[in-house]
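Asks: Each chain, written out:
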Amino acid sequence: MAEMLEVSGLTKRFGGLVAVNNVSFSVREKEILSVIGPNGAGKSTLFKLIASFLRPTTGEVRLKGERISGLAPHIAARKGVVRTFQETTIFKNMSVRDNVVIAHHLRSKASLFGFFLGTGAAKADEAAFGASADEILALLGLASLAGETARNLPHGHLRALGIAIGLATDPSILLLDEPFAGMNHDETMRMVEMVRRLRERGLTILLVEHDMPAVMKISDRLVVLNFGQKIAEGTPSEIQANEKVIEAYLGSEDEAIGL
Amino acid sequence: MTFNRNIKIAAGVAFLAIVFIAVPAAISASGRFDLYYTLTSVALLSIASAGVWLTFYIGRINIGQGAYALTGGYVSAILVMNHGWSFWLTLPVAGLFCAAASVLIGLPILRLRGVYFAMVTLVLTEVARLLALALPITNGAKGIVSIPLPGALSVFGVTLIPDFATLQNSRLAFYLLAATLMVVCFAVMYRLVNSRIGKLCQSLQQNEELASSIGVNIAYLRVIAYAVSSFFGGVSGAIFAAISQSIYPSSFTVTDSVNFMLNCFLGGLGYVFGPMLGTLVLYFGWDLLFQTGQFQLLIYSGLMIVLMLVLPNGLLSLAEMTRKKD
Chain V
1 MAEMLEVSGL
11 TKRFGGLVAV
21 NNVSFSVREK
31 EILSVIGPNG
41 AGKSTLFKLI
51 ASFLRPTTGE
61 VRLKGERISG
71 LAPHIAARKG
81 VVRTFQETTI
91 FKNMSVRDNV
101 VIAHHLRSKA
111 SLFGFFLGTG
121 AAKADEAAFG
131 ASADEILALL
141 GLASLAGETA
151 RNLPHGHLRA
161 LGIAIGLATD
171 PSILLLDEPF
181 AGMNHDETMR
191 MVEMVRRLRE
201 RGLTILLVEH
211 DMPAVMKISD
221 RLVVLNFGQK
231 IAEGTPSEIQ
241 ANEKVIEAYL
251 GSEDEAIGL
Chain A
1 MTFNRNIKIA
11 AGVAFLAIVF
21 IAVPAAISAS
31 GRFDLYYTLT
41 SVALLSIASA
51 GVWLTFYIGR
61 INIGQGAYAL
71 TGGYVSAILV
81 MNHGWSFWLT
91 LPVAGLFCAA
101 ASVLIGLPIL
111 RLRGVYFAMV
121 TLVLTEVARL
131 LALALPITNG
141 AKGIVSIPLP
151 GALSVFGVTL
161 IPDFATLQNS
171 RLAFYLLAAT
181 LMVVCFAVMY
191 RLVNSRIGKL
201 CQSLQQNEEL
211 ASSIGVNIAY
221 LRVIAYAVSS
231 FFGGVSGAIF
241 AAISQSIYPS
251 SFTVTDSVNF
261 MLNCFLGGLG
271 YVFGPMLGTL
281 VLYFGWDLLF
291 QTGQFQLLIY
301 SGLMIVLMLV
311 LPNGLLSLAE
321 MTRKKD
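Chains V and A, in that order, are what the protein sequence lines are. Okay, so the first sequence: first residue is 1 according to the working numbering, each after it adds one. Okay, so the second sequence: first residue is 1 according to the working numbering, each after it adds one.
Do not rely on the hints blindly, as some may be mistaken.
The following label-pair restraints were derived from C-beta to C-beta distances [unchecked claim]: (1) A/Glu209 - V/His210: 19 to 27 Å; (2) A/Ala152 - V/Lys123: 13 to 21 Å; (3) A/Leu112 - V/Leu17: 21 to 29 Å.
Hint data in this document are derived by calculation from the structure and do not stem from the laboratory. Note that beta-carbon positions come from the ideal geometry of N, C-alpha and C, so glycine has one too.
Chain V on its own, in the form it takes in the complex (with noise of 0.2 Å):
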């Protein structure tokens, strides 16, 4: 398979503090990787890194071979790099529906000034975008609630709908930050299978997460990550044998990792 995004050498130092540390890895095109680690392990700067919300010390991400680190966020997801929220960032004063067409945005042919004047392809814009902002909805489960407020959705919901935008811009790769924090099992479980319906729409996944017994159903491959280094990289299986990885967990080994 080839490889949709490779990450090499990225180190991030924040003032004496190295965050990220001479991290290497790639993600396979329709993989399902996760990036995982305890508790300020450089996750979450990992993830900004990769998504170009913070630009790297050193090293680099190339996307199909294309340098993307150092770019401005919405250059980055142009190219294909889209990132969800850890939290349950939407834009929550809009209908759930108009949260889905707005995230179309990338793919409009119409300009500005063209949406202005209400031009041919501004109106073609509009009526493709409806239309896939519809299918998305209905393949995350959210087409009932789609001329709801979106700040009045539950939880589950929400974290579905943070989904469905960053599905709208059709990325070539989604990364998902901590998709399962503070979801119960039922809607953990539900969240695993609607991750494993975007890959076999043919979409690369990288995601963080807490959640061992979620990252250990849904990854193809996992990378660990401690004190900003990575420790480990191999299927669940593997991750689950290594001595380094239940060390980096100790205290917590049995559950914590899913044994």
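Using the hints, position chain A against chain V.
Replies: Below, chain A alone, put in the same frame as chain V:
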């Protein structure tokens, strides 16, 4: 859908009829010609407030519109007085000058949010006043006076607008000018807000990080919105200078900047026509309270606080509430 559309068209036509037919007819019947001046001011202030509203719409509290109104006034006055330009040409130039200035100023300061942006814009008004005092071209505290009334506007020998100085009723002419510009301004705003651009602006207002992650060029959009906002400020300032035939450093002060913002709050930040209604109510409200003498400011401020507490979404939210009850 079409029903809704028909209502909107009917409302638009009714509004135009009131502004251009009913109001002038009522004023000439009652003989209260001073109302022309009042309503002209309301129209112009609502244009400047519309600009402020647009910056609210991208999530920025703008207390600096006075700076652009002042700049617009000076640009127009200087071009007319020192360079002999026609007022009609200086009008768009004043707007564009302010838009260009706002791009330069906006690029760094639009990165700030919330109260930080608000503070910087507040200072901006004061900076504009001090600049007007200090620069040689603005003639310091004496200001620029005896600006001639707008001349005739002719295109290819056809006179579109007659020379204001030859008119018997230049008040009516200024009213029609200001009202026309107000209508155009709000038509543009309505279109902006109801097209995709409006949705993009909302996305900025609600979450810039998310907007950026779905590929919205937030820096670009912010600057565009701020430039449009300042354009409106500059145009309204230029006409004010033409009406009063003068411009001073104190023509637009921090108080004006604050008022522009209050107009938006009062009308409703969620409604395009909020600034227009807000300006009308605030301007007439202030005048009505004149009879209360030294208590004017006290009552006025008290009422504003109560209104904001009771109607945080502005006066136009009342219409929405009654609609929901039906």
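Asks: Need the list of violated hint numbers for this structure, in ascending order.
Replies: Hint check: 2 fails alone, others pass.
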